[in-house]
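In case you want the letters, here they are:
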Amino acid sequence: MKREVPIIVTTVAGIFMILEYFHNIPGLANGAKELQNWAILVAAFALALAAINLAARHLRNITARHQNAVHSGLLLASMFATVIAGIFFGTDARAFVFIFDNIITPCGSAFYAMACFHLASAAYRAFRAQSGQAAALLITGIIVMLGRAPIGDLIHPYLPKMATWLMQVPNLAGMRAIMISSAIGMIGVSLRIITGIDRTHLGMGQE
Amino acid sequence: MDVLMKLGDIDKRVLYVLLVLVLLIPMVRPIGIRISISHWTTKAYEQLSRLEPGDTVICDFGYNVDGAPDVEPIAKAIFRDLFDRNIKIITVSLNAQGPMIAEKLLLPYEESGKVYGTDFCNLGFMAGGETALAAYARDLKRTFPRDWRGNTTSTLPILQGITGAPDTKAWIFFTDSSAEAWVRQVGDLDVPMIGAVITVAAPQAEPFVHSGQLSGLLTGLRSAAEYEIVTNRPGGAVAAMDAQSLGHILITIFIVFGNISYFVKRSKELAGREGVQ
Amino acid sequence: MLVAGRVAGLVSLLTIFITMMLGIRRAHTSLPTIRRIAGLEAIEEAVGRATEMGKPIFCTPGWSDITTSTAAPTFAALDIIYYAARLAARYDTEMIVAIAYPNVYPLTEQVVRQAYVMEGKADRYNPGTVVFTSPEQYAYTAACLGIIQREKVAATILVGHFASEAINFAEASAAVNAISISGTESTYQLPFFTAACDYTMIGEELMAAGAYISEDPMRLGAIRGQDYAKLLAFLWILTGAICSTAGFNWFEAILNF
Amino acid sequence: MSTDVGIWVGALMTIAVFSYLFSENEFYKAVEHIYVGAAAGYSIVLGFSNVVTKGWQPLVEGRQFQVLIPVAMGLMLFAPYAGTQYNWMRRIPISFIVGIGAGITIRSVVIEQFVKQLSATILPFNSVNNVIIVLGTLAVLSYFFFTFKPSRALKTSAEVGKWIIMITFGASFGNAVMGRISLLIGRIDFMFREWIHLIKL
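Residue numbers (my numbering), protein chains in the order written: chain F, 1 to 207; chain G, 1 to 277; chain B, 1 to 257; chain E, 1 to 201.
Hints listed in this document are in silico derivations from the structure and should not be mistaken for laboratory results. All C-beta atoms in this analysis are idealised placements derived from N, C-alpha and C, irrespective of residue type, glycine included. Don't take every hint at face value.
As the list claims (entries may be wrong) - Simulated restraints, written as ranges between beta carbons of each label pair: (1) Arg149(G) with Val9(E): 36 to 42 angstroms; (2) Leu21(G) with Ala93(F): 37 to 43 angstroms; (3) Val5(F) with Ser154(G): 33 to 39 angstroms.
To be verified - Listing some non-contacts, in silico: residues in chain G with all C-beta distances to chain F over 12 angstroms: (4) Ile101; (5) Lys104; (6) Gly117; (7) Thr131; (8) Val230; (9) Lys268; (10) Ala271.
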């Protein structure tokens with residue numbers, strides 16, 4: 001029972017969504033909308049789940065007097081402050097907006113912008129024309145990089161044209177083939193999950 | 001030869017500091033390098049310029065604050081253009097941070113007289129990712145029973161007569177990841193779709209532009225600058241382009257340095273080996 | 001009854017399903033041989049080097065949950081980690097696996113423990129091998145970078161779905177002179193992995209590598225079945241383009257049904 | 001210099017994050033934990049408000065009792081907290097999300113990322129670009145054949161495919177540099193315009 005029910009749920013839900021899309025049966029469309037709304041609601045619960053897992057782990061750090069207990073304390077404090085501000089005072093409350101504007105925004109963008117530094121040092125250290133193919137990557141990269149910046153026109157009027165051509169012809173061919181190939185792969189995996197042949201997502205392995 | 005080899009051994013912290021300086025200086029003292037308009041932007045602009053006053057468009061805010069510096073300038077440029085032409089905007093988000101971002105961009109227009117619920121509305125966030133996207137593209141009000149400000153969506157004037165995407169005139173999504181999910185779920189609905197993606201995702205979106213699945217593609221800060229120029233409202237993105245150019249030059253120089261040093265080292269090693277033989 | 005414009009889609013879906021089932025069925029009588037994948041062969045070298053140096057190897061199955069559309073690379077990553085764990089168990093080399101999503105954690109633990117059991121070293125399995133970090137991208141990134149730097153790992157195996165943290169990991173591996181083996185389906189991270197790592201499995205190569213290691217007839221057969229589907233797509237484009245040059249647009253027209 | 005407290009908080013946080021580039025330090029670690037906590041708290045708030053608008057309000061105000069099914073499934077996600085013997089309960093909502101998600105994805109992947117892409121690649125060989133697009137796509141596709149016997153033709157085709165993949169990655173690399181620099185420009189703009197008012201334009 002505990003094994004069969006989840007597989008049946010996956011199969012019925014998946015096949016229903018597929019049938020609804022390809023067939024014009026009036027009742028199906030409405031049913032599909034309802035099911036999607038259910039899935040959205042379950043996903044909303046799941047959103048809290050990850051956060052609660054995180055809280056539980058840091059709470060354990062504190063009770064066990066782990067070496068990172070102070071950091072865990074900071075994490076929990078800022079989490080609870082945000083939750084209290086958002087749930088009890090509303091998402092338009094000043095405290096909530098302050099947290100969003102002055103903690104989440106600057107930190108999020110600073111963390112992401114750090115990738116720019118790493119990218120610069122990786123480009124300097126690792127982008128070597130060691131082989132013909134590596135050289136192809138490097139040269140295309142430089143042409144696209146310079147050609148797409150306004151300075152490309154100043155360096156040579158042909159540079160932006162080359163960048164555009166590289167994007168629209170060879171890149172198109174490469175990306176399209178990757179897309180077709182991965183579409184087949186994605187359909188294969190999903191069909192195996194829907195038909196119950198592959199059960200790894202349930203932690204059961206296949207049988 | 002030693003000097004050439006040392007070109008590959010510059011401390012990366014020096015590189016970091018140089019990078020910041022090279023970006024900062026042209027922002028303080030702009031050079032004013034001319035910005036040409038790419039065909040991508042022209043195509044997207046032509047599509048949007050077909051909209052008439054009173055038309056409604058959906059703007060999906062699919063980016064987070066971390067990717068905002070690259071994507072947000074496009075959203076700003078498009079909002080300015082559309083609101084000036086009295087086009088109505090519905091904002092939606094499948095990213096938790098989306099509604100706060102949208103609210104902040106909408107605020108100046110509300111202060112200057114645009115009416116919430118009539119000229120624009122913010123439907124807020126919905127969990128569920130692609131499932132939510134498929135659901136709201138077909139039925140906005142059922143997926144979003146309430147908007148971000150707590151109003152019942154069925155009472156909003158802007159949503160009267162609108163069930164799903166095909167009842168609007170254009171669908172614009174802003175994202176800091178790939179365009180795939182939007183193309184998948186909205187692609188076969190009868191509405192022109194414009195993608196505004198983070199620059200990194202541009203090459204991957206190219207097949208969708210070529211096949212016509214996307215009616216327009218705008219990518220990152222550069223496209224925002226171009227859009228500001230074609231709509232005659234130069235702003236922040238145009239101002240940042242000089243820095244962008246110099247940043248690219250610096251990275252190119254460092255790649256060249258790295259390679260020179262690599263080849264010098266390699267030719268020395270080869271020469272050394274021949275010497276031993 | 002069928003929706004106009006989607007018929008070709010339905011037929012393609014059924015075709016892919018049938019070719020996959022054919023592949024799986026054939027695999028029960030004869031397993032397909034998968035072409036050589038350099039990144040996979042490098043894993044043994046990497047574990048060997050770690051053993052010599054007496055340093056651990058670092059693995060992560062990427063930043064993705066198993067309930068999203070990026071589940072497939074995560075599963076392929078788990079197969080590769082299983083393989084690496086067997087080698088690590090065989091050579092008594094320490095291994096650290098960092099996990100981002102709660103759902104992936106029990107699966108990974110099960111996989112690594114199983115690898116030790118299969119090598120007859122169940123008693124050597126250290127419960128601290130698999131580390132849960134955080135589903136928050138930067139917390140996960142910071143935790144992984146911390147492990148790579150602190151432990152001065154000899155090899156990093158970065159497989160699965162990655163976002164902007166990919167470049168950080170590749171850089172950190174280089175900084176501690178670790179052999180880096182990567183593999184992802186994420187097209188924007190692949191350029192960095194290709195340039196900055198020693199070995200990279202590109203897109204579907206990762207899935208094929210996973211299937212190869214699992215020695216599971218179902219997965220291997222599915223890879224063969226997908227090859228049939230790719231071959232059909234290949235032939236369709238080729239014949240279609242030739243016909244279209246000659247002025248016949250049937251192949252394109254059929255796809256619009 | 002700005003006199004706004006919020007800007008100061010943001011600026012100090014940015015400095016703390018960037019300090020990691022030089023070495024890991026306590027200031028960085030503290031800010032990282034504060035950020036992760038706030039971001040997690042934020043997603044709880046938004047998840048909660050979704051549960052209210054899609055679960056509680058339809059149930060209490062709209063008397064739509066069918067909502068009880070997804071609510072029950074949502075609660076089952078938390079069953080393992082009641083004891084490991086309830087672990088199996090979590091599989092039901094997960095299998096439901098996975099089933100709906102897989103169905104919704106593949107039904108449109110097959111059209112948008114397979115059929116329409118095939119159709120757009122069927123181009124007449126009447127220009128150099130078309131020839132490159134068609135043959136290039138085929139060559140890269142052949143790189144992803146894994147189980148066929150490696151004949152000479154297949155090997156050559158896959159090798160050409162590898163070259164095109166490298167050019168494709170080059171294009172991605174160029175765009176990545178561009179995008180990452182924009183992100184850094186965004187941060188520099190914040191620090192030097194809004195915080196210390198050095199950029200005046």
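Here is what the structure says about each hint:
Restraint check, arginine 149(G) to valine 9(E): a C-beta distance of roughly 26 angstroms breaks the suggested window 36 to 42 angstroms. Distance hint check for leucine 21(G) and alanine 93(F): the Cβ-Cβ separation is about 40 angstroms, which falls inside the suggested range of 37 to 43 angstroms. Take valine 5(F) and serine 154(G): their Cβ atoms lie about 36 angstroms apart, and the range 33 to 39 angstroms holds. Not every CB of chain F lies more than 12 angstroms from the CB of isoleucine 101(G), the least distance being 9 angstroms, so the non-interface label is violated.
The beta carbon of lysine 104(G) is not kept farther than 12 angstroms from every beta carbon of chain F, the shortest such distance being approximately 8 angstroms. Distance check for glycine 117(G) against chain F: the nearest CB is about 16 angstroms away, which clears 12 angstroms, and the non-interface claim stands. With a closest Cβ-Cβ approach of about 5 angstroms to chain F, threonine 131(G) is found to fall inside the 12 angstroms limit, against its non-interface label. Interface exclusion of valine 230(G) from chain F stands, the closest Cβ pair being 15 angstroms apart, more than 12 angstroms.
The beta carbon of lysine 268(G) sits about 15 angstroms from the closest Cβ of chain F, which is more than 12 angstroms, so the claim that it is off the interface holds. With 12 angstroms as the threshold on Cβ separation, the claim that alanine 271(G) sits away from chain F holds: the shortest Cβ distance comes to roughly 18 angstroms.
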